[in-house]
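Go ahead and model the full structure; you've got the sequences and the hints to work with.
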Amino acid sequence: MSKQRIKQAFQEVLDQGDKAFVPYIMAGDGGLDSLEERVQFLQDSGATILELGVPFSDPVADGPTIQEAGIRALEQGVSLRAILEKLGQFKEKRSIPIVLMTYLNPIYAYGIEAFASACRTAGVSGLIIPDLPLEEENLVAKELQANDIALIRLASLTSPPERLKELARRTEGFLYAVTVTGTTGARADFKDELQEHLASLKNICQEPVLAGFGVSTPEHVKELSANCDGVVVGSKIVDALHQNNREEIKTLIAAASGKEQTTAE
Amino acid sequence: MKTYQQPDIQGHFGSFGGRFVPETLMPAVLELEKAYEEAMEDPAFIDQVDYYFKQYVGRETPLYYAENFSRQLGGPKIYLKREDLNHTGAHKINNAIGQALLTQRMGKKKVVAETGAGQHGVATATVCALLGLDCVIFMGKEDIRRQKLNVFRMELLGARVESVDQGSGTLKDAVNEALRYWVTNVEDTHYIIGSVVGPHPFPKIVRDFQSVIGIETRKQIVKQEGKLPEAVVACIGGGSNSMGMFFPFVEDEQVTLHGVEAGGSGIDTGKHAATLTDGKAGILHGTLSYLLQDENGQVTEAHSISAGLDYPGIGPEHSHLKETGRVLYDSITDAEALEALQLLTKTEGIMPALESAHAVAYSMKLAKKMEASETIVVCLSGRGDKDVDTVRSAFGGSSYE
Chain A
1 MSKQRIKQAF QEVLDQGDKA FVPYIMAGDG GLDSLEERVQ FLQDSGATIL ELGVPFSDPV
61 ADGPTIQEAG IRALEQGVSL RAILEKLGQF KEKRSIPIVL MTYLNPIYAY GIEAFASACR
121 TAGVSGLIIP DLPLEEENLV AKELQANDIA LIRLASLTSP PERLKELARR TEGFLYAVTV
181 TGTTGARADF KDELQEHLAS LKNICQEPVL AGFGVSTPEH VKELSANCDG VVVGSKIVDA
241 LHQNNREEIK TLIAAASGKE QTTAE
Chain B
1 MKTYQQPDIQ GHFGSFGGRF VPETLMPAVL ELEKAYEEAM EDPAFIDQVD YYFKQYVGRE
61 TPLYYAENFS RQLGGPKIYL KREDLNHTGA HKINNAIGQA LLTQRMGKKK VVAETGAGQH
121 GVATATVCAL LGLDCVIFMG KEDIRRQKLN VFRMELLGAR VESVDQGSGT LKDAVNEALR
181 YWVTNVEDTH YIIGSVVGPH PFPKIVRDFQ SVIGIETRKQ IVKQEGKLPE AVVACIGGGS
241 NSMGMFFPFV EDEQVTLHGV EAGGSGIDTG KHAATLTDGK AGILHGTLSY LLQDENGQVT
301 EAHSISAGLD YPGIGPEHSH LKETGRVLYD SITDAEALEA LQLLTKTEGI MPALESAHAV
361 AYSMKLAKKM EASETIVVCL SGRGDKDVDT VRSAFGGSSY E
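Heads up: the protein sequence lines correspond to chains A and B, in order. Under our numbering, think of the first position of the first sequence as 1, with each following residue one higher. Under our numbering, think of the first position of the second sequence as 1, with each following residue one higher.
Everything labelled a hint here was simulated from the structure, so no lab data went into it. Take these hints with a grain of salt, some might be off.
What the hints assert, rightly or not - Have a look at the derived ranges for each label pair, beta carbon to beta carbon:
1) A/R169 - B/T184: 19 to 29 Å
2) A/S45 - B/S15: 42 to 52 Å
3) B/S265 - A/A114: 33 to 43 Å
4) A/G77 - B/T277: 22 to 32 Å
5) A/Q4 - B/I46: 32 to 42 Å
6) B/Y56 - A/S117: 50 to 60 Å
To be verified - Heads up, incomplete: computed chain A residues facing chain B, CB under 8 Å, no partners named:
7) F56
8) S57
9) Q67
10) L74
11) R81
12) L104
13) P106
14) P133
15) T158
To be verified - List of simulated lysine-lysine pairs, DSSO-like, C-alpha gap at most 30 Å:
16) B/K110 - A/K3
17) A/K191 - B/K109
18) A/K191 - B/K280
19) A/K142 - B/K110
Every residue gets a Cβ at the ideal spot worked out from N, C-alpha and C, and that includes glycine.
Structural data, given as structure tokens:
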């Protein structure tokens, strides 16, 4: 059921000729009590899927914005357990599929089997684990499979073709195409060969391909989704929520919509 | 005798180790593994490493019988493996020179490294100066405060030292930033990790380059005593001097191996860095190993008077050797280390680094339970000059003040 929800969410958007927009927010930034309202806001603003970050003490794949959001959440005493409980409390009220982005250690400390089943209970559809490469997937694969939780793989600019093929083949839900060689966070522009890279990933992957890392303007959203199925926007959303600048978020999400694009031109 | 063959092909030491890094780094980690394996099979590379060990580092280092110190304790003969006599004053240079030569061999011109006490940073900056490599060193803000002189040394050597303010501003946070820097600059940069930690193949590479310590010691003690020692003792932060010392003795089952962690203010105070004593398995910095963490899997801060032991993780091979029982792990408090530093300095005129003083302190405990006919080897991993300020304030100033 979980994986199916991701599939449906993409279908609804892509069938209309729109691109998918996946915002990332840090769970517990602003307090865990604000989570439901934030999820509702992003759902109402037209987000396709929500990527929900779990705070971790040592987030090596993240740049300063998300690191700081994580520290704010940890200062509020937010834990993976509390996040899953909270998600469970309002799962009937939301329609947007939730994908958790968490480093491996909080999962490992929770207990992999207990975690996978808690995800299912909380209505979590997928997982992104940035420090779990193909070589170590066995640690979690069986439990996620048993609970119908999609394991979303990240494809990097440094991955050689044969690894990209393997990542594209194994990924579930969507393929997360990392658009920069580096950590998360806003950037002015991207490497020239990126468009080609995204197009080639599209060619080898059955699942939707989303571009993420450093996407921070409506122009980026349009530019990058031109050659794939949409974008993931993290630091910019985290920052805008922290500043309570919600109009900026709406503008970003609108940029993924085909209709908006046509009227703008 | 059992043959000890670790890690396996995936970089696992029993149930520990592995490669838990972002996909962006995986190709670099795989490239490194391949380059390392090829290098180790190339006699020219081995000769090159040996050449620098001998002519530049000053190996082999003596295995010194600390007669006054032993007599004072009234038990077994205590030998010190004098890694403090290496160029730059600690064992760290063994690994730094090996990995810098590997960097050259891979055609990379830039190096990033982290440092805690500053010893690995100085060693890395030194070999980068020697081989003409660009060098950036990440160091926690708190460690910069504790080790100002080492920061200046690194800068003199031409390295750029970046202060890390995140977290507790110590070694763990410096590793995070070094990893982030590596992810961003992976195409032309090699990460010279300073201990037997991180993703495979780092724990193996660092162990192998540091094994020169144990290989020399084994030969020297047999020559000097006509037999293997009863006990070998080394301190552990990440665990590189101890792994280098223990590895060549692992199959000698009659030799008891003792790893000594930093007990800080005492295990029951919670302010310590005794990962194997008080931690549980988890994933940090690319490897699955024992880890100081809370019940939610958040990594907690380590505490030790010695900056080099102030790390909440530990090399995965140590976790494996704890599980198999081959190495015995225990801890020594700040106070015990300071007392040992004083005693060794006064009896032998050898001032150990605060890190190494933990091993010295443990040998004092062991000595009480051992016979005069027995021998202990202590890995004196570094010299104490860098710690004089810290020791001075711990003792409340000198008698002139």
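* To do: Please flag the earlier hints that this structure goes against, numbers listed from lowest up.
  => Hints 5, 16, 18, 19 contradicted; others consistent.
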